[in-house]
Amino acid sequence: MQDIENNMDDLFRKAAENYPLKTGESRWDEIAAAIPGKAAIAVKKKNNRRKYSVLLLLLFAGLLLGGGFLFYTTTKNKITGSKDEKSEIKAGNIPDASNDVYDINRAVEDYKSLKNLKSEWGDIGGSSFMKKGIASTVVTENDNRKNDYNHVLQKANTKENQDNIHLKTLFTIEENNPKKNLLANPYKAIQNTDEATQNMSMQERTVDDKKNERPKSKYPSQKNKGFYFGIAAGPSFSEVKSQGLKKAGIDAGVLAGYQLSNNFSVETGLLFSKKYYYSDGKYFNMSKMPANMQVVSLEGSSAVFEIPVKVRYRVTAGNKNYFTFSAGLSSYMLTNEKNDYRLLVSGVQQNMTSNYKTTHSYINASVNLSAGYETKISKYSSVRIEPYLKIPLKGIGVGSMHVMSTGLQIAVTRQSH
Amino acid sequence: MIGDHKYQKIVYERYRGYALKIVFRYIYRYEKALDIVNDGFVKMFNSFSKFEISRDADNEKILMGWLKKIMINTAIDELRKGNMLPEIGGIPDDVWEIADGCQDAYQLLLYKDLIILIKELPPAYRAVFNLYVIDGYSHSEIADMMSIAIGTSKSNLSRARVLLQKSLKKMEEGKLCRI
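Listed in order, the protein sequences are those of chains A and B.
Note that the numbering used here has the first sequence beginning at 137, numbered continuously upward.
Note that the numbering used here has the second sequence beginning at 398, numbered continuously upward.
The shape of chain B in the complex, shown without the other chains (with noise of 0.2 Å):
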């Protein structure tokens, strides 16, 4: 596969949506998050020699977790360029598939709605929030990926947290007023 455009357009395609859901985490903007997706894309192909199949373990699984990383590490790098500015505006409609009915409209509205909170998040709160409750990442690695402390790491935590659960609250009231 190394070097050859064919498989790699396939591995490209099938998992460039896997990428863009965490990438978007992270990154506010969706057309940042698609060059950041491609950029991700561009530095595994390029370092694809260093990925080694094995016969015995979930090669796919295994390359999901590196492909992950990739890009966690490329968003990362985006928001430390940007000095964790937050951004303004907010997310443009045409962004979200359509839940068209099916059963689990609600559930899928409602995660919808849990990400944008978590978007919401300053970007610093954001990034620590995304790569310790979700991407599973320790605060000491999370200090080095960043280049911030330990203890800003669990403080940045602990306020995201304090944020999101205010959100969701206003969120239950809202939806409680609306009935």
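Bound-form chain A, shown alone (with noise of 0.2 Å):
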């Protein structure tokens, strides 16, 4: 019975692997269709040099942030130089109501070092003075005392670390002093806010010192320089070629920018972009898809990370108001994408959904172009509402298909002080 079992095994082993059976037609479109293709794991082969351009990315942005910081601080203390400056009493300059701090300190101090060089030279005409001011007076009268006089004024600049007494304590002096036109006349006015000082600065200098903080301005300067910070949102709408808008999909994040100039700025940001678009299988790229499959349409959806550069300038539009234009290049870090195909395979019409995952990037992508208005709502902050078109320069995703985006930023900006 067993011998019989046995043969009998052996038979149907062998009718198993030798019955002629037909394989019919290849049906490997369909197999095709339901496994990732080639794109999907050329993605894979090629992720660390991805994984380059996005460090490389953020290189980027870290070095434009490096250098905006570095030139900050390059150019803060410059400013802080040129205040001083201002305040110094400099050949041909007459020393200006308009600029915030005038020295008192520093006025007794030259007033000290001209009575010095006037018992030197003898005394000066009044009326050069009042036209001049005192330092050309005194170039034109010697030039060859020029550098004494220079160095005389350093010397009164390297023992200014007392705390300033502001131009108002000035106008305050002039004020309650009978003698009018005390800036018309410098050398006047420091000879009386020489005695005034020893009065008033005691008492400034006394609550100052108090409060050990620079003495507020009744009209700050208008800061022209530096970084700012904020966050953005806003609704986005994208599209290919021109064959219409899905629904809205949203961009928030944060941006930091320099402010060059009262009208330039540099800006950059990390964005996070969801867009959602449809296009025609004409415009989509099947390089990256199987030979024998053929896209009808697609409905898609990207989820990007947006990395802009770019310059923006602003028009005065009132006290605080501004009108702002920029233009710069965005890169993207392409995350997920979905999309929803109407396909063609082998003559047969099929519905597929595919999703990647393998992040791609897509270095300046599109150009960016956007005008708006900019209001500030305090001394430091400041609210934009700027329209925006992107405009594509590269394909992005599995079709490299061109996606142009237009939208709404809202964002609230953050001067550093």
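To give an idea of the interface, some chain B residues facing chain A are shown, with a C-beta separation under 7 Å as derived from the structure:
1. K418
2. N435
3. F438
4. L511
5. I531
Calculated from the model, a selection of chain B residues having no Cβ within reach of chain A, i.e. all distances over 10 Å:
6. F448
7. N456
8. L460
9. L476
10. P520
11. H536
Read the hints as simulated data drawn from the structure, not as lab findings.
Values in this document were obtained by computation on a predicted structure and should not be read as measured data.
Cβ atoms here follow ideal geometry from the backbone N, Cα and C, with glycine treated the same way.
Using the hints, put the two chains back together into the complex; each one sits in its own frame.
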């Protein structure tokens, strides 16, 4: 019996191996449609290269911020220096009431040094003082003594380690003093303030020493350089080759910039963007899709991190308001793409959904243009509303589609101080 | 090869006949068997990264073994989905290759008849017979794969053998009568 069973088993094994069965027509297309293609795997292979691209992108943003910070710190020192220079009695410059801070101490020191010079040179004509200022008079009187005078001024400056007294004090002194036109005649002003400061500056200094802070200016200087940071968000709409806008996506993120002057600034940021779009199959690059597949149309969505780098220009439109214009380039990191395809596989129409989760990066993928309105909401903070247009330079995603985006960015920024 | 459709297609075209022969022993309907072959290949290509190629081993045999396992599992899943219910209707003649008068024609016809005998077994018996006798699984493995007791597997095999012996006897008698 066992032998019969064994023989039977052998017979069936041979039959199973060699039985004549038609294999039918190849149904490879169905398999190809159901498995991820070369593109998805190629992405894996190139993952390292893309990682480097992302790192480079971040490095670039870091360099921009770092460079900006260095520039800021350097310029800040210069700005401080220039403020000091403003308060100096320069050749040809009469101390101006428009300057925020005028150092009475320095004026006193100047006066003292001038008195010494006067004793050396004799009395100097008052009219020339009135017209050109003390220093110019000194310089015109005796050029050879200019260096000596500057040296005295420098000494005076180095001694300047006391708290400043605001120009307001000088105005107060002037108002209290029956003698007018003090500023028009700085020599007299200095003479008058010589005594006044003995009384008043002491009082001011005591208060200031207690506060141990710089006195607040009634007219704070307009800070036109420096960093600003902010948050931004807004709706966005995307389309491929003017085929119509799909449902609204969203942009949200942070931004950072450096105000180069009153008008110009450079800006970057990191924005998360959700884009929805529709496209006909003819705008979808099939190079990364299976050979026997044809995309009829698709509805796609992408999750993208965007790093814009742009130059902004603003025009004053009132006391606290500006019209803004900006132009720059945006780079993308595509982290997720989901496409609902309508396909033709061997002439048969099918629907297929594909989700691609591999990160791709696209450097300078679009030109970023915007124009908007900015208004100050506090001394350092601003709100801006900017409609924008992002014109694609490169295709993104599996189908390398040129996705154009438009929307409205609302941002709150705060200037560092 | 992973993810490259060009090479995947080559693999598919080379082994689809082999895969279909495995699946068709388990699945009664030819069209259904073709579907399951496709499902099996999709599973294989999706998990191809798990396939390890070694220098010394016969990689083709390993690949064929792996493919066979995938196909059998996919077929068993399909049988379980259908609750192992017996199929109705015969097997159309156009699924068989025509023996073109070569020396092995008689043998091929015999093999075809033997496979038809297997396919005519109730699904539960057919599955166990295929797994144990042809594909070489043990009863404990079969029990795990089909979620049945080992005893059930053994009894199913025993009944399958009895049925096949009866069928073989009938087949022999029929041939003798024809002669």
